[in-house]
Amino acid sequence: MPSTLFDKVWDAHEVAEGLLYVDLHLVHEVTSPQAFESLRLGGRRVRRADRTVATADHNVPTDGSSAAAQIADRLSRVQVETLERNCREFGVPIYSLGSERQGIVHVIGPELGVTQPGMTIVCGDSHTSTHGAFGALALGIGTSEVEHVLATQTLQQRKPRSMRVRYEGALGYGVTAKDLILGTIGRIGVDGGVGHVIEYAGQPIEALSMEGRMTVCNMTIEAGGRAGMIAPDETTFDWVAGRPAAPDHIPEDWHRLRTDAGATFDEEVLIDASALSPQVTWGTTPGMVTDVTGAVPEPRHEGEERALEYMALSPGTPMREIELDRVFIGSCTNSRIGDLRDAAELVRGRRVSPSLSAMVVPGSQRVKAQAEEEGLDEVFRAAGFDWRSAGCSMCLGMNPDIAAPGERVASTSNRNFEGRQGRGARSHLVSPKMAAAAAIEGRFVDIRDWG
Amino acid sequence: MRPVRIVEGGVTALDRADVDTDQIVPKQFLKRVDRTGFGEFLFHDWAKQPGWDLPRNPILATGRNFGCGSSREHAPWALEDYGFRAIVAPSFADIFYSNCTKIGLLPVVLAESDVRDLMSAGHARIDLEEQEVAFAGRQAPFEIDPETARRLLEGLDDIGVTMQQEEAIAAYERERERAGPVTTKL
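Residue numbers (the working numbering), protein chains in the order written: chain A, 82 to 532; chain B, 71 to 256.
These are calculated hints, taken from the structure and not from any lab test. Honestly, I wouldn't trust all of these hints.
[Unchecked claim] So, partial list: chain A residues that the calculated Cβ filter (under 8 angstroms) puts toward chain B:
1. 82
2. 85
3. 89
4. 91
5. 97
6. 111
7. 131
8. 177
9. 223
10. 268
11. 342
12. 343
13. 477
14. 526
[As the list claims (entries may be wrong)] Simulated pairs of lysine-lysine, DSBU-like, Cα-Cα distance not exceeding 35 angstroms:
15. B:118 / A:240
16. B:255 / A:89
17. B:118 / B:101
18. B:101 / B:255
19. A:89 / B:118
20. A:89 / A:240
[Stated by the list, open to error] Output of the computed footprint for chain B on chain A, the stretches with three or more beta carbons under 8 angstroms from beta carbons of chain B:
21. 183–189
22. 235–244
23. 498–505
Computed from a prediction, not measured in an experiment: that's the story for all the values here. By construction, the Cβ of each residue, glycine as well, lies at the ideal position given by its N, Cα and C atoms.
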């Protein structure tokens, strides 16, 4: 019987009904301390430290501090030190502050090559969906489940339903993977994918770089999806080859990781990629999004009214007239080398608007080093961007990178929720190119006819 | 985990859709390394707004896609610590729903019209064994995965349950586990 990519990965990992074997468990400092503590109290051990890897990302300062001891915030420091201690005690490999492999957990997994096609991957983090870009089944989990995986290397999970989002046409000039996924969320809604594993397919997906595919799968959770997946192909294999944990040869079975002709999904969505424009969010969910050429819409219900009030925007205001206080380029959605190259290309030889401050935060120390090798740091610095060290940074404001109340931010991150980037801060989600151009102009511009 | 069978009492209404876990517990409170005492941070920013009123009742009735966004289990911890024992909504975000069931906070899915009626009723009795919510003189049935219901009813430790499958897990590792990657050898 023809089966989907999701079916194939699921079937290869079902130990018993509703019990899934986990090939890789990624761990970070925020959602793991209670799990390790409970493990300790129960006298349990980590079953497979060799299938587990940890890093510190959410809490870390991005100003170049090289050790947890330099974290000024006591609670953040305790959390990072707790992770380091737990990993030592339970034998889990860790890349903490100071390691040249440290970085955002969803950036370093692929970078190390531990993220591979056909795997099951979990992490106590909703953006674990990112790893689905490699044809893995990657599930975000809570702390109780983190403990469960540490102890048993399995996850209790009912099989989700399946959905395929198929794209036709081709993305236009200046329209990126970020716009593709924002447009998709705008179309299916922030709960459109609830209970479903979403496979993204079609020529526009096949044409994306691995960075672009990671951006798409990363934001699956913003559509409510349980996981996002993309069938691996030569682009994937080329990207994985040669990384520290990559196999010497591409395994034969990786080529079979694709949905068979005739396989059926519980839901199918068809989207014309060529009709998409650069996207900008106007509200407080990622689904409140419109074309950069559009305007703030009339609210349709109380939720949208509240969003407009929080965002201090009036219906009818053209998106291109919205003035900004800050620009943030970074996060597990858009902080990889390809994202930074995209942004650097647009700011080269230009200056950041004097009306705002702008920062670039590479997703990992490796991305940072690579960008510096290519001279991108100089491009950003010369334009007036703050060039930072790796971490989650202003995506969620658990570290010193935080927006002030009322500040309006153009952000390449994934969530424009109230207070996400700082209490009272107003976030607009955009692509790295759109963020770069906005930094120069001080407001949103349509990059298709800019410069 | 303590067993859950009946949740009965007052109903607190939070009539908003797409309530994300950043609202339920803002990020600055995720730095703690223990799992108790999060109730005081529940809806921290919204609670500062005029007109906010969230009575401490056993039941919270709210809008669709409740608990979307971040996977932070701190959100159910805070709701539970505040006093809620069950949450009724037209739909939940997947990770949040699962997180609730792991700590014995009962998530109940009812049709949107039933949730509205429940909000007006102000009092209800939820019976997990019978899978129904009784309010305003009527019963509304709800669906829940049988295995999840069993674990809640018996207050089972999930890890203990899975460890009973040790032989199957070990057999999987012997016979079907894929080669690499080995994180300890990097």
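Evaluated hints:
no. : hint          : result
1   : 82            : violated (20 angstroms)
2   : 85            : violated (18 angstroms)
3   : 89            : violated (13 angstroms)
4   : 91            : violated (13 angstroms)
5   : 97            : holds (5 angstroms)
6   : 111           : holds (5 angstroms)
7   : 131           : holds (4 angstroms)
8   : 177           : violated (14 angstroms)
9   : 223           : holds (4 angstroms)
10  : 268           : violated (16 angstroms)
11  : 342           : violated (25 angstroms)
12  : 343           : violated (26 angstroms)
13  : 477           : holds (5 angstroms)
14  : 526           : violated (29 angstroms)
15  : B:118 / A:240 : violated (40 angstroms)
16  : B:255 / A:89  : holds (28 angstroms)
17  : B:118 / B:101 : holds (21 angstroms)
18  : B:101 / B:255 : holds (31 angstroms)
19  : A:89 / B:118  : violated (49 angstroms)
20  : A:89 / A:240  : holds (12 angstroms)
21  : 183–189       : violated (count 0)
22  : 235–244       : holds (count 4)
23  : 498–505       : holds (count 5)
When held up to the earlier numbered hints, the structure conflicts with 1, 2, 3, 4, 8, 10, 11, 12, 14, 15, 19, 21 and fits the remainder.
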